[in-house]
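Number of protein chains: 2
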Amino acid sequence: MTDDTNRPVSFWAWGWEDRLPTDEDRRELRTQIEGLLGFPERPLLDLPGLEDVELPAPRIEGPDHATTSQSRRARAQHTYGKAYRDLVRGFHGDYANAPDVVARPENESEVADLLAWATEANVAVVPFGGGTSVVGGVECEGDGYAGVCSLDVREMDRVLEVDEHSRAARIQAGARGPEIREQLAEHGLQLRHYPQSYEFSTLGGWIATRAGGHFATRYTHIDDFVESVRAVTPSGTLETRRLPASGAGPDPNRFLLGSEGAFGVITEAWVRVQPRPPYRSRATVRFDDYWDGVAATREIVQARLYPANCRLLDANEAMLNELAFDGSSLLVLGFESTDHPVEDEMARALELADEHGGTCPDGPTHRDLNAEAASGEGDRDSSTEGKWRNAFFEGPYRYNALVSMGVLVDTFETAVTWDQFPALHEAVQERVGAAMDEVCGTGFLSCRFTHVYEDGPAPYYTLLAPAEVGRELEQWREVKRAASDTLEEFGATITHHHAVGRVHREHYHREVPDGYLDAVRSMKRTLDPAGVMNPGALL
Amino acid sequence: MTDDTNRPVSFWAWGWEDRLPTDEDRRELRTQIEGLLGFPERPLLDLPGLEDVELPAPRIEGPDHATTSQSRRARAQHTYGKAYRDLVRGFHGDYANAPDVVARPENESEVADLLAWATEANVAVVPFGGGTSVVGGVECEGDGYAGVCSLDVREMDRVLEVDEHSRAARIQAGARGPEIREQLAEHGLQLRHYPQSYEFSTLGGWIATRAGGHFATRYTHIDDFVESVRAVTPSGTLETRRLPASGAGPDPNRFLLGSEGAFGVITEAWVRVQPRPPYRSRATVRFDDYWDGVAATREIVQARLYPANCRLLDANEAMLNELAFDGSSLLVLGFESTDHPVEDEMARALELADEHGGTCPDGPTHRDLNAEAASGEGDRDSSTEGKWRNAFFEGPYRYNALVSMGVLVDTFETAVTWDQFPALHEAVQERVGAAMDEVCGTGFLSCRFTHVYEDGPAPYYTLLAPAEVGRELEQWREVKRAASDTLEEFGATITHHHAVGRVHREHYHREVPDGYLDAVRSMKRTLDPAGVMNPGALL
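Chains as they are written, first to last, in the numbering used here: chain A, 1 to 539; chain B, 1 to 539.
Source of the hints: derived by calculation from the structure; they are not laboratory data.
It is possible that part of the hints are untrue.
Claimed, not checked - Here's a subset of chain A near chain B, in silico, CB distances under 8 Å, partners left out: (1) 31; (2) 33; (3) 490.
To be verified - Far from chain A, some chain B residues (derived; all Cβ distances over 12 Å): (4) 20; (5) 35; (6) 47; (7) 96; (8) 194; (9) 359; (10) 415; (11) 527.
All residues carry an ideal CB built from backbone N, CA and C; glycine is no exception.
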């Protein structure tokens with residue numbers, strides 16, 4: 001627990017306060033942006049200070065029995081997630097919706113007490129893990145409520161039990177990525193779920209939002225790792241049985257996976273873990289034509305080779321990640337195994353890529369980490385895949401600088417069947433591009449596949465445009481609407497792994513059948529009769 | 001549609017009427033049973049005739065607008081599923097709970113009309129596919145209702161659309177296994193979902209019950225093939241969006257998967273399909289000690305080799321299937337691929353088996369069906385795996401004979417984590433064995449793994465005991481209770497893929513959290529306000 005004590009996280013920006021961009025960082029980035037994307041000259045705005053933030057007076061106090069805070073820092077830090085619109089609002093000092101109180105329960109019984117208090121006092125409760133939502137999952141206006149309590153689960157951050165035989169671990173919901181890694185390492189095990197928010201996001205948040213992780217195939221979402229879940233709802237505590245599988249009725253874990261705090265607070269889960277995979281093969285394949293890359297990717301996944309990494313980067317994405325500047329698309333391929341070399345799988349994938357004109361000039365690299373450790377070799381993670389991974393986790397930090405220099409930056413992601421993807425992709429390029437041109441004068445859009453399925457890819461779009469300082473949210477809304485409407489029209493999902501939150505709620509309600517939505521609402525009424533759980537998220 | 005016209009299915013027994021056991025079949029089987037299992041002399045009872053069945057007078061008629069039948073055959077055929085207790089009741093002419101009317105809607109709008117009529121007239125509706133439930137999923141007493149309507153979806157049996165690019169097909173719920181196979185074959189595709197009931201069971205039934213299929217790993221349940229589902233509920237029609245994946249809220253497909261007709265009638269689904277896999281490797285590994293086999297199986301699945309078949313048969317199961325008579329356990333391994341040879345996966349699996357003392361005297365067999373077809377070779381499916389498969393689909397026919405000679409025969413299946421399996425298995429042997437001894441004087445129990453997961457196996461138990469004719473159900477209940485109670489006590493699931501129905505309902509209600517059950521009930525009230533959908537199943 002160091003995020004607001006020993007090493008404070010920023011109240012407005014992504015990540016640690018000591019990693020906020022320096023003026024030198026920002027000047028360098030500005031040069032790149034202007035040079036690479038041809039944006040008009042960008043300003044360097046002053047970074048905000050906590051002392052300048054104006055917070056509304058709290059409407060309520062927390063209950064006596066709970067560990068709560070109403071400090072300026074705690075309330076500011078719990079006001080938003082980490083989407084572009086969150087950073088913009090925080091940057092400009094808009095904290096009108098700060099929670100009235102932040103609770104940090106240390107155990108499940110304190111969670112239950114808090115929910116009982118909230119139900120009684122008509123206080124909206126917003127479960128809060130890493131606070132890394134990019135869909136408005138952790139903000140709440142509190143209209144119609146006596147106040148808003150942000151319920152931060154970060155005090156519950158322990159690995160409680162490890163079953164090495166079945167390769168599973170019982171972990172508290174507030175444990176974030178690195179904490180899980182460190183505690184499991186004592187048992188020689190890993191979860192290998194690495195969302196981009198890994199440094200800060202928590203197991204509970206991953207489950208509540210059906211987070212996407214490391215693996216491009218097979219184990220794409222946290223869903224695939226969950227054996228059982230415990231959650232505290234206003235109507236009582238739920239715990240599903242720890243099972244490798246079951247066919248008994250609709251899967252109870254699936255009701256909590258994606259529930260986004262609307263039913264209750266996830267407190268712990270049994271998840272499947274594994275040893276570190278020593279066998280790894282990596283390659284980067286170059287395609288002159290993006291659609292050849294798409295065809296190759298489809299064949300590789302339909303061949304059931306189960307690549308751990310299978311990220312097709314379009315030319316803009318390759319450029320943005322400084323991996324290629326010649327207009328080619330790149331397929332970043334990775335295989336891994338705890339048990340056996342994966343050279344054959346890689347060879348077959350490269351063969352399929354080759355049939356579509358994909359070239360791999362540097363060839364694949366194969367590693368055996370155990371053998372390297374035994375021979376005293378150091379880590380030599382200099383491959384494209386390694387560069388890619390580092391850039392991946394650095395990405396969110398770059399948002400801080402971009403927001404501070406008037407650059408609109410956002411991502412949206414989806415999944416769609418292979419037959420629909422070409423029409424969708426073309427429409428996204430055209431309409432989101434047009435929206436950026438109209439609203440911002442120009443814009444840049446890139447696409448990568450984060451995950452791939454036998455029946456379709458999960459494309460992930462990144463957009464950048466010069467924003468007018470003070471009008472950013474208005475501009476963002478226009479561009480976002482173009483994106484979301486296009487996904488809906490072309491039969492894609494509003495989100496593959498970013499969740500619904502408040503930002504995607506309307507589109508989500510049109511995506512799922514009405515009868516289903518009514519059924520989910522009736523579930524919520526049963527588990528949360530007073531409707532205090534994260535009102536406005538999902539439902 | 002031939003099951004009660006051109007080639008009638010038996011009104012009481014498994015399968016086609018023309019495949020009912022002859023006296024010669026039964027004498028042969030009796031000799032085997034008495035010799036192999038040491039049961040006391042078994043009687044050969046007369047098989048029942050439809051003309052002897054007494055049906056209660058129907059309490060209601062179907063609506064004018066629908067295709068319905070109240071014929072003796074239709075009502076008798078729709079009274080039960082195909083569990084031991086169903087065959088026994090049918091054999092002895094107990095048709096007190098025959099549905100009053102059998103409806104065979106030809107399209108979705110007729111289904112909707114039927115549900116509207118049932119809601120209005122307070123008629124219980126029991127969705128009926130192949131009628132192969134082994135958990136009382138398709139029977140209904142109708143207490144508190146004006147009558148019972150069996151809603152048979154078998155007229156809706158077409159593959160409606162195929163997306164070869166995304167490898168998916170839209171199929172009507174009433175299509176049974178062979179019908180799906182034939183229609184997809186025109187496109188060079190297969191579903192490769194082969195439950196033991198494959199010859200008769202339907203896609204809709206598979207989805208409603210979360211049926212288990214062909215693959216021991218990775219694609220274990222029909223759940224893994226479902227892209228989207230359409231269902232008609234009393235409150236309207238639901239259709240989930242066709243998507244390879246989504247992270248938008250709790251997965252709507254998962255609410256219908258396992259819903260067992262309690263919310264409505266599944267009418268069609270998009271499912272993932274694949275070409276026939278030409279590359280296949282098979283092997284049978286012998287273990288002197290069962291627990292060595294268990295350890296090897298665990299390592300093979302944890303190595304993520306993804307065997308299509310990974311069935312560990314204990315000594316009794318190997319004997320029952322006439323594969324080994326020397327007390328050894330067998331691991332029947334199969335790998336398959338549409339894309340590449342699978343010899344390496346097999347070699348690695350055999351290596352892991354070898355480390356635990358597993359021997360494979362005949363070595364693995366590797367095939368390339370395309371190459372064989374090109375060279376004009378015929379099918380040479382004589383391996384243990386092939387024998388096993390044939391016996392697998394013949395299995396249910398044998399029940400007919402056993403019931404007619406006073407043999408109690410049943411199966412129960414579960415899933416449990418690896419760490420819990422030894423204690424569970426020991427308790428099952430002991431307690432179910434003791435129950436059979438006490439109730440039937442003796443008994444035989446065997447076990448195989450049907451599916452395996454990284455965190456645990458899905459053991460499937462078969463039991464045989466000499467029954468006292470006329471007391472079979474009483475005896476069965478005692479033995480079944482011992483089995484179900486043991487599963488519950490040792491943290492296993494009441495069903496891995498047989499579903500809940502009416503037989504497992506009480507244990508299911510104790511397996512899932514109360515709050516979850518309340519939530520499911522509230523969903524049902526929303527979708528089926530009059531409570532006419534399959535009352536007593538699941539809920």
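Evaluation of the provided hints:
1. 31: With Cβ-Cβ at 36 Å, over 8 Å, it is violated.
2. 33: violated, 30 Å
3. 490: violated, 11 Å
4. 20: Holds, because the least Cβ-Cβ distance between residue 20 (chain B) and chain A comes to about 30 Å, which exceeds 12 Å.
5. 35: Residue 35 (chain B) clear of chain A: closest Cβ-Cβ about 36 Å, beyond 12 Å.
6. 47: For residue 47 (chain B), whose nearest Cβ neighbour in chain A is about 33 Å away, the distance exceeds 12 Å, so it holds.
7. 96: holds, 28 Å
8. 194: Consistent with the label, residue 194 (chain B) stays out of reach of chain A, its closest Cβ about 16 Å off (over 12 Å).
9. 359: holds, 21 Å
10. 415: The claim breaks: residue 415 (chain B) does not keep its Cβ more than 12 Å from every Cβ of chain A (closest is about 5 Å).
11. 527: Violated, since 6 Å does not exceed 12 Å.
The structure does not agree with the numbered hints 1, 2, 3, 10, 11 stated previously, though it agrees with the rest.
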